[in-house]
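Position chain B relative to chain A; hints supplied.
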Amino acid sequence: EDKVVQSPLSLVVHEGDTVTLNCSYEVTNFRSLLWYKQEKKAPTFLFMLTSSGIEKKSGRLSSILDKKELFSILNITATQTGDSAIYLCAVEGAGNNRKLIWGLGTSLAVNP
Amino acid sequence: GAVVSQHPSRVICKSGTSVKIECRSLDFQATTMFWYRQFPKQSLMLMATSNEGSKATYEQGVEKDKFLINHASLTLSTLTVTSAHPEDSSFYICSANANEQFFGPGTRLTVL
Chain A
1 EDKVVQSPLS LVVHEGDTVT LNCSYEVTNF RSLLWYKQEK KAPTFLFMLT SSGIEKKSGR
61 LSSILDKKEL FSILNITATQ TGDSAIYLCA VEGAGNNRKL IWGLGTSLAV NP
Chain B
113 GAVVSQHPSR VICKSGTSVK IECRSLDFQA TTMFWYRQFP KQSLMLMATS NEGSKATYEQ
173 GVEKDKFLIN HASLTLSTLT VTSAHPEDSS FYICSANANE QFFGPGTRLT VL
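Each protein sequence line maps, in turn, to chains A and B. Numbering of the first sequence is given in our numbering, commencing with residue 1 and proceeding in unit increments. Numbering of the second sequence is given in our numbering, commencing with residue 113 and proceeding in unit increments.
Excised from the complex, chain A in its bound form (with noise of 0.2 Å):
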C-alpha cells in the first residue's frame, strides 16, 4: 500500500533556529514529491521535486529529493514567526489522475 510519513508529527523552536523536516514514502511509480504549507485555510504550494539530489530553494525555504533512499526534507533556516504552519508533503504517483498520497503533516511553532 502506498504511503507517505512524515518526522516530526510537532515542532516547537525559537525565532532564529533552523528545523529541517522529513518525509519519506512508498509509492508505486514515483512520478513527484510535493511541500505545502497550511496556516488556516487550503494549502500553498512550496516546492514540486522530481530529480534526486537538486535542492530547490526560495528564501529561506529549501528542499530536496532522494529517489534512491525514498526521501525529502525540507529546511527552513533563520525561522520566523510566520513560519508556524503544518508543512505537508505529498506524493503523485503511478496513473493519469494525478492523485495525491497525502502525509500527515509536520506541525511547526516557532516562538519569539
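If you are wondering where the hints come from, they were derived from the structure by calculation, not from laboratory data. Heads up, some of the hints might be wrong.
As the list claims (entries may be wrong) - Taking lysine-lysine and the DSBU-like style, the derived pairs with C-alpha atoms no more than 35 Å apart in a straight line are:
hint	chain 1	residue 1	chain 2	residue 2
1	A	Lys40	B	Lys176
2	A	Lys3	B	Lys167
3	A	Lys57	B	Lys167
4	B	Lys126	A	Lys40
5	A	Lys37	B	Lys178
6	B	Lys126	A	Lys57
Said to hold, decoys possible - If you anchor each label on the Cβ, the simulated ranges turn out as follows:
hint	chain 1	residue 1	chain 2	residue 2	range
7	A	Thr44	B	Gln154	11 to 21 Å
8	A	Ser84	B	Gln154	13 to 23 Å
9	B	Ser117	A	Ile54	28 to 38 Å
10	A	Gln80	B	Lys153	19 to 29 Å
11	A	Gln80	B	Gln141	35 to 45 Å
12	B	Gly128	A	Glu69	45 to 55 Å
13	B	Ala210	A	Ser52	21 to 31 Å
14	B	Gln141	A	Val13	33 to 43 Å
15	A	Val13	B	Ser130	41 to 51 Å
16	A	Val12	B	Ser166	45 to 55 Å
17	A	Gln80	B	Asn211	22 to 32 Å
18	A	Thr28	B	Ser166	17 to 27 Å
19	A	Ile54	B	Gly128	50 to 60 Å
20	B	Gln154	A	Arg31	19 to 29 Å
Heads up, the beta-carbon is just placed ideally off N, CA and C, and yes, glycines get one too.
Using the frame of chain A, we list chain B on its own:
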C-alpha cells in the same frame, strides 16, 4: 501561480439540508479536480477525483450518493453534500492541476 476559487467560503446549515460547494479554476482549464475533507488537526483526506465529462471516482469509504460530484465544464466542479448531518461538519477543499496541484481556499461547513 494558478488560481482556484471556492464558493462559499463558509456555510452553516440545518441537519437534513443539502449544501452545494463550487470549485473553479480561474485562469486555466482542469480536466481533473480533487475534493478533500479535513478534520481539525488531521491531514487532508481525498474524497474523490472529479473528471470533466465523466463520473467521479470515489475513494473507499466515501458514499457517492451522499457526496454528489458534477464536473460539467473544464473550469467548474461542484460537490453537493446531501442530507447533511453534524458529522459532515468539516473543512472541504478542492484542488485542480496546472503543473502542480493548486488548492482552493476551502469551505468550512457546519451542520447544526
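Evaluated hints:
| no. | hint | result |
| --- | --- | --- |
| 1 | Lys40(A) - Lys176(B) | holds, 28 Å |
| 2 | Lys3(A) - Lys167(B) | holds, 26 Å |
| 3 | Lys57(A) - Lys167(B) | violated, 39 Å |
| 4 | Lys126(B) - Lys40(A) | holds, 25 Å |
| 5 | Lys37(A) - Lys178(B) | holds, 30 Å |
| 6 | Lys126(B) - Lys57(A) | violated, 47 Å |
| 7 | Thr44(A) - Gln154(B): 11 to 21 Å | holds, 18 Å |
| 8 | Ser84(A) - Gln154(B): 13 to 23 Å | holds, 18 Å |
| 9 | Ser117(B) - Ile54(A): 28 to 38 Å | holds, 33 Å |
| 10 | Gln80(A) - Lys153(B): 19 to 29 Å | holds, 23 Å |
| 11 | Gln80(A) - Gln141(B): 35 to 45 Å | holds, 37 Å |
| 12 | Gly128(B) - Glu69(A): 45 to 55 Å | holds, 51 Å |
| 13 | Ala210(B) - Ser52(A): 21 to 31 Å | holds, 24 Å |
| 14 | Gln141(B) - Val13(A): 33 to 43 Å | holds, 42 Å |
| 15 | Val13(A) - Ser130(B): 41 to 51 Å | holds, 45 Å |
| 16 | Val12(A) - Ser166(B): 45 to 55 Å | holds, 46 Å |
| 17 | Gln80(A) - Asn211(B): 22 to 32 Å | holds, 28 Å |
| 18 | Thr28(A) - Ser166(B): 17 to 27 Å | holds, 24 Å |
| 19 | Ile54(A) - Gly128(B): 50 to 60 Å | holds, 53 Å |
| 20 | Gln154(B) - Arg31(A): 19 to 29 Å | holds, 25 Å |
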